[in-house]
Each structure stands twice: as structure tokens, then as C-alpha cells.
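**Student:** Chain by chain, the residues run as shown.
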Amino acid sequence: NAGVMQNPRHLVRRRGQEARLRCSPMKGHSHVYWYRQLPEEGLKFMVYLQKENIIDESGMPKERFSAEFPKEGPSILRIQQVVRGDSAAYFCASSLQGVTGTEAFFGQGTRLTVV
Amino acid sequence: SQQGEEDPQALSIQEGENATMNCSYKTSINNLQWYRQNSGRGLVHLILIRSNEREKHSGRLRVTLDTSKKSSSLLITASRAADTASYFCATAGKHSGGYQKVTFGTGTKLQVIP
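Residue numbers (the working numbering), protein chains in the order written: chain A, 1 to 115; chain B, 1001 to 1114.
Careful, some of the hints might be misleading.
Below, a sample of chain B positions facing chain A; criterion: calculated Cβ distance under 7 Å [unchecked claim]:
id	residue
1	G1042
2	L1043
3	H1045
4	L1048
5	V1102
6	T1103
7	F1104
8	T1106
9	G1107
10	Q1111
11	P1114
These are calculated hints, taken from the structure and not from any lab test. Cβ atoms here follow ideal geometry from the backbone N, Cα and C, with glycine treated the same way.
Can you make the complete structure from the sequences, with help from the hints?
**Tutor:** See the structure below:
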């Protein structure tokens, strides 16, 4: 059972371009979380999704950021018109259940660098 | 604001000593988890303790949870250089929408000197 897979591991984008980050949850997991980690900081919650639904996007900037988790395929975090401040590590986690008592498994992250 | 706050922010100890990290949180939780992150890497799940548990062990790790004080501690005994990493606590609370939201603290950077 493969773990949470994120790709790419490293992504370099010029200012103004779009960044697409992918996350394939563990097999059987239908709950996905995205977090952002700035250098030397902790993880900040961005968005929580279930299949085809955004449950909580309270941590995601209102503009330029969007997330989806389609019925088929990976979850996608999309950042449009990237700026230098978007440079960070983006982690995806998945869990078996959304309610109580289950651990979240993390991917290795995508390190986005905006130049 | 961050749900969990780890203390201390950084800790440096000699190999063989014990390391204790604390985590405080604000709202009621269903469970609390500890993760380790090596520099530039992903997170590794260490241990999960439920709100009705007070103590849990896993190898050299011991986690306590005091829900009355809204705090948890992670003890690493007989530390090794390979334990050098950042350690995060993450709380999972039941959101009003009925789902679990996992919120991370700011982390403790542990350095174990050989």
C-alpha cells in the first residue's frame, strides 16, 4: 500500500505563472488535507476536501488559490499568477475518516520556488 | 491562530539524555498526534493519543495528555543523534460540520549532539 504521493517534489515557477501540485492519497482514503509550510515555520492548514467536495477552505487565500479532489484522480492544489511569497513547501495528508480517532498520513511535500 | 503551541521552540541535548517537549492547545480535541520532520523532508507520524487516554508508549517515546490543562508532552528517552529533527504536535478536533480538522503547532527543533 503506497503512501501519500505528491508530485512534483520540486517545482520552480516564474512570477505570474501557474503552479499545479498533485496529491494521490493512500488507497482507500477519501479525506485530503493541504498544508503550507514556510521556511523555519510550522504547518498552516489550507483546505480540507473529500471526494468532489471542499469541506473547509478557511486557511486558503481567497484569490489565486484553488483546490479540487475529483471523483477520479489526484487532488490538485492550483496557484495562479504565483508571487515570490508563494514559495513554500506544500504538504498533503490523507486519512481514512474525517471524524475522530484516525491519523493523517503525509506525503513528502512539493517545494515550490517562485523566481 | 495556531491551535498548538510547542515549548520549547528549540532544544539541544547530549546523546543519551532524555528530551521533553510540550504542547498546549486551546479548544477541545478528539485526539492529539505527534509528528517528526527531518530537515527538508516530509512528516513522519510518531504516535496518536486519544482524548480519553492519559499516557501512551511507543519504543523510546512516551506521550502524556492532560485534557484538563489542555496540554501534552512528548518524552524521547536515551536520545540519539538520529533523533535530531523538528517535532510537531497536531490536534484533531471535531468541527461543527462534523469532520475532523487537524491543526499543527509551531514545532520544537531538537538537536542531539553526539
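**Student:** None of the hints should be skipped; say for each whether it holds.
**Tutor:** Hint check results:
no.: 1; hint: G1042; result: holds, 4 Å
no.: 2; hint: L1043; result: holds, 4 Å
no.: 3; hint: H1045; result: holds, 5 Å
no.: 4; hint: L1048; result: holds, 5 Å
no.: 5; hint: V1102; result: holds, 5 Å
no.: 6; hint: T1103; result: holds, 6 Å
no.: 7; hint: F1104; result: holds, 4 Å
no.: 8; hint: T1106; result: holds, 4 Å
no.: 9; hint: G1107; result: holds, 5 Å
no.: 10; hint: Q1111; result: violated, 14 Å
no.: 11; hint: P1114; result: violated, 24 Å
Of the hints listed earlier, those the structure fails to meet are numbers 10, 11, in rising order.
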